[in-house]
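Just so you know, the sequences run in chain order A and B.
Residue numbers for the first sequence follow numbering that gives the first Met the number 0, so the first one is 0 and each next one is one higher.
Residue numbers for the second sequence follow numbering that gives the first Met the number 0, so the first one is 0 and each next one is one higher.
What the hints contain is simulated information worked out from the structure, not anything from laboratory work.
Hints should not be assumed to be uniformly reliable.
[Said to hold, decoys possible] List time: in silico DSBU-like cross-link candidates among lysine-lysine, alpha-carbon distance up to 30 angstroms:
(1) K246/B with K161/B
(2) K246/B with K110/A
(3) K161/B with K17/A
(4) K161/B with K15/A
(5) K15/A with K73/A
(6) K17/A with K82/B
(7) K73/A with K82/B
(8) K113/A with K82/B
(9) K15/A with K188/B
(10) K131/A with K82/B
(11) K113/A with K73/A
(12) K269/A with K223/A
(13) K161/B with K82/B
[As the list claims (entries may be wrong)] Just a sample of chain B residues kept apart from chain A, beta carbon distances all over 12 angstroms, derived:
(14) V8
(15) L34
(16) L124
(17) N214
Beta carbons are placed, not taken as given, at the ideal position from N, Cα and C, and that holds for glycine.
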Amino acid sequence: MTSSAIAASGLRKAYKDKVVLDGIDLDVRAGTIFSLLGPNGAGKTTTVNVLTTLVRADGGSVRVAGHDVATEAKAVRSAIGVTGQFAAVDELLTGRENLQLMVDLSGLRTKDGKQVIGQLLGRFELTESADKPASTYSGGMRRKLDLAMTLVGDPRIIFLDEPTTGLDPRSRRTMWSIIRDLVADGVTIFLTTQYLEEADQLADRIAVLDQGRLVAQGTPDDLKRQIPGTHVRLRFATVAELDAAARVLSDSTRDDEALALRVPGDGGTKSLRALLDRLDEYAISAEELSVQTPDLDDVFLALTGRTTEVAAQ
Amino acid sequence: MSSKSHSIVMLRRNFLHIARNPTSVFNAVLMPIVLMLMFVYMFGDAFSVGVDYIDYATPGLMLLAVCYGLGTTATAVNSDMTKGIINRFKVMHVSRDAVLTGHVVATVLTNMVAIAALLGVAFLLGFNPSAGLLDWLGAIGVILLLSFAASWLTVALGLSAKSPETAGLAAVPLIMLPFFSSAIVPAEKMGVGLRQFAEYQPFTPIIETLRGLLNGAPSTGTAITAIAWCVGIALVGYLWARSTFTKRA
């Protein structure tokens with residue numbers, strides 16, 4: 000096998016006259032986590048659907064696990080596992096029965112199947128609830144069961160479409176550690192997310208998707224270099240005060256419309272005190288002070304000149 | 000694994016659903032019986048149909064029993080589609096038809112249980128058909144064919160609907176159609192317009208075929224029309240279901 004687990008070039012897809020994917024190129028190396036980052040409606044799910052043989056692209060080519068998704072769909076399907084955006088568990092069945100269904104479909108022998116189910120239930124801490132209907136599970140448990148079902152066939156490439164959207168912070172961290180363990184076993188992960196933090200925590204490489212185009216691609220550090228770092232934002236009451244502050248704080252950028260200054264800094268108490276001391280020294284007072292850390296919105300603003308809210312409309 | 004064993008896995012899943020959600024079977028089995036009691040005891044004397052009303056109405060009610068089972072199927076298929084279960088199967092190395100075949104077979108079997116129960120009650124109420132063994136086999140064949148055809152159409156409706164609620168609604172016309180046929184009263188007794196509709200809609204020849212078979216006087220012409228309708232509905236339902244299944248993600 001080549002070192003590329005997923006290779007796509009020039010992917011295009013339109014629904015009627017709405018272009019959803021407009022020439023996507025991707026290269027995901029085997030054994031890494033690749034994250035596709037973008038707001039709602041950017042085309043993340045469509046990308047996953049195309050890569051996983053669910054939807055046929057209008058143009059471009061995709062090879063997954065070395066096979067062409069259009070002409071060798073069966074070979075692709077036996078190499079991949081997919082966990083969709085909504086936990087696709089059968090709510091009328093118990094957790095164990097859901098896993099059994101996957102075992103029956105994968106053609107594992109009964110004895111091996113039982114063992115696999117037991118291991119997966121244990122690994123995802125679902126043993127206690129194994130014999131309760133999935134309809135009684137919490138959101139986090141459903142996601143875990145969903146992922147466990149995906150793992151029954153021991154796929155080497157796993158697609159996770161927004162695996163933590165709607166989860167509470169604790170379940171999100173559990174999901175993160177599960178994903179890290181998977182990669183440690185040599186699995187390749189293709190993950191979509193709306194959260195920069197998630198991509199930053201997990202991914203070896205990130206691609207930012209906006210309106211069907213990739214606007215940036217690189218390691219988390221590459222991307223962060225392209226966006227404004229942590230900074231302190233000062234807002235003033237008058238233009239005179241803004242002018243005075245801008246003269247004193249020479250490395251700052253000004254926003255005349257908002258009467259605000261953006262001062263680079265790590266947001267720690269030490270640098271904050273230094274900043275405040277300096278303002279005091281020149282008897283300048285700001286109306287408002289806030290420490291801003293970059294999030295997806297900043298990445299977006301920096302890369303596209305629009306905020307994610309505008310992009311989602 | 001072969002597609003046959005995949006279909007069996009799916010069918011087992013459908014049976015587990017029925018076991019977990021028995022009210023759906025109660026609906027499919029009990030509602031036709033309630034309707035039978037209602038029509039025979041409340042309205043039966045008011046309709047003069049030339050024969051005992053129970054003998055007239057039973058074939059029509061058998062058809063109603065088939066249709067009552069369909070709402071559940073439409074909802075179940077749609078919830079598989081909209082909740083991502085079908086997508087999950089589609090990206091697995093699972094034969095394409097298995098999940099749909101599972102729904103169709105489960106529906107046909109539920110239908111057969113409903114019809115057996117209905118016939119049991121009909122006999123208690125004095126149903127006295129003059130059908131011979133061959134006529135009975137023919138009647139069972141017609142009902143099976145109708146159930147199979149209606150199931151595929153319902154599966155297609157379920158796959159195409161936006162949500163489980165609209166899927167349930169989409170099946171309502173199928174449940175209502177028998178009422179506008181000769182199932183409950185002869186078409187000649189209906190008003191102008193409705194009468195023509197009743198004469199030409201697919202359920203009327205199917206009911207008349209059943210009625211003929213059960214009274215031991217089958218008419219070949221009606222039977223051919225009935226079978227043609229069933230085959231047509233099955234084909235349209237199957238092709239529609241297949242193409243929706245392939246396209247929708």
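Going straight from one Cα to the other, do K15/A and K73/A come out at no more than 30 angstroms? holds, 27 angstroms
Holds or violated: K269/A to K223/A, with C-alpha atoms at most 30 angstroms apart: holds, 23 angstroms
With a cut-off of 30 angstroms on the C-alpha distance, tell me whether K246/B and K161/B pass. holds, 14 angstroms
Measure nothing beyond the straight line between the CA atoms of K17/A and K82/B; if it is 30 angstroms or shorter, mark the hint as holding. holds, 24 angstroms
Pair hint K113/A and K82/B, alpha-carbon separation not exceeding 30 angstroms: Roughly 26 angstroms between the alpha carbons, so the hint for K113/A and K82/B holds.
When you check the alpha-carbon spacing of K161/B and K17/A, does it fall within 30 angstroms? Distance of about 20 angstroms is within 30 angstroms: holds.
May I ask you to check that N214/B keeps its beta-carbon over 12 angstroms from the closest beta-carbon of chain A? holds, 42 angstroms
30 angstroms Cα cutoff - pair K73/A, K82/B: holds, 23 angstroms
Between K15/A and K188/B, does the CA-CA distance stay at or below 30 angstroms? Violated. K15/A to K188/B sits at ~49 angstroms, over the 30 angstroms cutoff.
Is K161/B within 30 angstroms of K15/A, Cα to Cα? holds, 18 angstroms
For the pair supplied as a hint, K161/B and K82/B, is the alpha-carbon distance within the 30 angstroms limit? Distance ~11 angstroms between K161/B and K82/B Cα, so the pair holds.
Distance rule for L34/B, whose beta carbon must clear each one in chain A by more than 12 angstroms: holds, 28 angstroms
In the structure shown, a violation is registered for the earlier hints numbered 2, 9, 14, in ascending order.
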